[in-house]
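The listed protein sequences derive, respectively, from chains X and A.
Going by my numbering, the first sequence runs without a break in its numbering and finishes at 368.
Going by my numbering, the second sequence runs without a break in its numbering and finishes at 368.
Wrong hints could be hidden among the right ones.
Copies of the same chain look alike in the list, so a pair counts if it works inside one copy or between any two.
[Said to hold, decoys possible] When the alpha-carbon atoms are kept at most 27 Å apart in a straight line, the in silico DSSO-like pairs for lysine-lysine are as follows:
#1 K309 <-> K114
#2 K183 <-> K226
#3 K295 <-> K197
#4 K31 <-> K56
#5 K223 <-> K56
#6 K295 <-> K64
#7 K226 <-> K114
#8 K361 <-> K276
#9 K367 <-> K145
#10 K114 <-> K223
#11 K56 <-> K226
#12 K226 <-> K295
#13 K259 <-> K361
Keep in mind the hints are simulated off the structure, nothing from the lab.
Number of protein chains: 2
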Amino acid sequence: MDTSVKNLIVEKIKSSKIGQVDFDNLPFGDVFTDHMMVCDYKNGSWGTPKIIPYQPLTLDPSARVFHYGQAVFEGMKAYKDDKGQAWLFRPDENFRRINKSCVRLAIPEFPEEYFFDSLKTLLRLDVEWIKPGEGNTLYVRPFVIATQPGVIAAPSEEYKFMIICSPAKSYYGGEVRVKIAEKFSRAADGGFGFAKAAGNYAGQFYPTKLAKEEGFQQIVWTDSSTHEYIEEAGTMNVFVRIGDKLLTCPTSDRILDGVTRKSVIALARDQGIEVEIRPIKVAELLDATKNNTLKEMFGSGTAAVINPIQGFGYKGDKYELPKVENSYASRFKKQLTDIQYNRSEDKYGWRYKI
Amino acid sequence: MDTSVKNLIVEKIKSSKIGQVDFDNLPFGDVFTDHMMVCDYKNGSWGTPKIIPYQPLTLDPSARVFHYGQAVFEGMKAYKDDKGQAWLFRPDENFRRINKSCVRLAIPEFPEEYFFDSLKTLLRLDVEWIKPGEGNTLYVRPFVIATQPGVIAAPSEEYKFMIICSPAKSYYGGEVRVKIAEKFSRAADGGFGFAKAAGNYAGQFYPTKLAKEEGFQQIVWTDSSTHEYIEEAGTMNVFVRIGDKLLTCPTSDRILDGVTRKSVIALARDQGIEVEIRPIKVAELLDATKNNTLKEMFGSGTAAVINPIQGFGYKGDKYELPKVENSYASRFKKQLTDIQYNRSEDKYGWRYKI
Ligand SMILES: Cc1ncc(COP(=O)(O)O)c(C=O)c1O
Ligand SMILES: Cc1ncc(COP(=O)(O)O)c(C=O)c1O
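The shape of chain X in the complex, shown without the other chains:
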């Protein structure tokens, strides 16, 4: 793709704050780069995208995002290879998905050239913030918020599309044990769980807080109608390995169609691993624990890439997973990061040069 950055306004910072940043001690999502992208929607169309110094937003207290949650976002990562070239991983998927989220939230879709042109320009400008070396990434957060003033529950006629970037190490540390949801739910059938909508996240905080008090780090959500089928975790899709088979549930209007998930499925199938995409009953997990056929569980998502799950809790009982040699989790994590950091061939065309 060519960077014919027409109609893009760039206002550079006077002096970079990069010198003040301790790149070895970065709490996830806390530090932001020098610039950000802003594009305003007004009078029925998206205006000129602007790259400007990272700065606060000024909004009316009645802006709709505060009252009605009309907001969507994306999350992707930029990587730097050993030669100093920066890459994104499948940003076309994130672009498609944010527009899918927009449609469901009654937000006008964002033009493709605006997205890629401004994304590239922003990342090139802040390229020093992408550090080479395993685990170093730049987390890129496109998002859209409804800015029109007015406390009336109706779609906004004004929006801001923004991209902010945060240098990051890996997201989850330590061992992860999950609680399988028995009562609380993340998304409704016919709702918008498939969208990366702001409103899907805050509702998970309280149940997750309760789960943490029981010694779990995350919740694996189940379907809201019966709580019999596992769905996904807070910000990860979930995979289960039973015997040598890899299982994951189908995406639906309740479940986010994860980029990492679809990449894992492609990698697995290419390596002759049998992948079953079908509803997974909690009962099946429990049976597999008894039979000793439940070998692995892991989450997949941009932030953590692959996150092994050591155990789970369900109806008061706790289950530990065995330690396996040559786990699928570590294999896929290596294969994905090798592609992301340009250490291996990219036969799928997933790398996107910045």
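Please build the complex by placing chain A with the ligands on the supplied structure of chain X, with the hints as guidance.
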């Protein structure tokens, strides 16, 4: 309740903008009074509430409300009687409910004295914005937003509790026909539909837009598991009159426990109207239409008070309701507004003097 407004900072506007407002032509929720209340949560506690001139907010682009929808709100109305005294309607219910919403969204609860002290002070300061006369009200919007910067899906440690006020005429104009949801849903079992959380509203915009294209003004949501039972409308609870019986569905974790709803139930029972609070099947509505026993449907909510529903659509068919004499809808609307405007005895203690 006494107004011992300790610890409240008041900064008044220099000159009021009230003279520029056309009170006869007020689009709902568009114009705001001279002052607003702001109270910040930081380092584990709520600070001193401040009444300050209505003004924009400045927030970091990574503030959690923009990304994770951690935000709740309330809606209530102030009325002025013919003697110039201003009143609120059951604000204790709104206070209790916003804290219930806070808990579910992992937001710290707000202290009762802070709420009532600052509310009273604010409304007394802006009392000229409450106009006497039927239909004139001041819509009062308390809300809480997560302000801590950081793109990590975890509860914020900083919040703003605010109250803004907007003079209003009645909310819905004209006839309302509703579409009964067949596919889309508003809330999940085990979710947070019962909370007045920002995230519950934006998800309704797109389905409502589609319903509008079919000639309806609102959607009546059904349960997300079977779509067989009616639940509530966008910002209203729903009542059905079959014969002379009044029906409304029970509140649940999917349904907002409306203040107007509980007031209607109390009024109805006191007048000897039989009220059944139980799940209502769509099939029952269809049967009642055939038998000519479906006499009325109406919504109840702060914005509209009582909103008669003239007809509904379901699976491609449209149903019109008969015009009834002495409708329950108009009776309850009159009784409620008589209490609200201090035109009748307040035997329930619902009026709250400002
Ligand atoms: C709810 C949810 N599920 C799954 C994922 C994983 O998606 P992806 O692999 O595209 O990051 C995410 C996002 O990161 C998410 O928010
Ligand atoms: C979803 C929903 N249902 C019902 C209502 C009615 O509640 P109340 O009568 O307290 O205004 C509202 C709010 O106004 C609402 O947002």
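### Message
Checking each numbered hint in turn, tell me which of them this model violates, lowest number first.
### Response
1, 6
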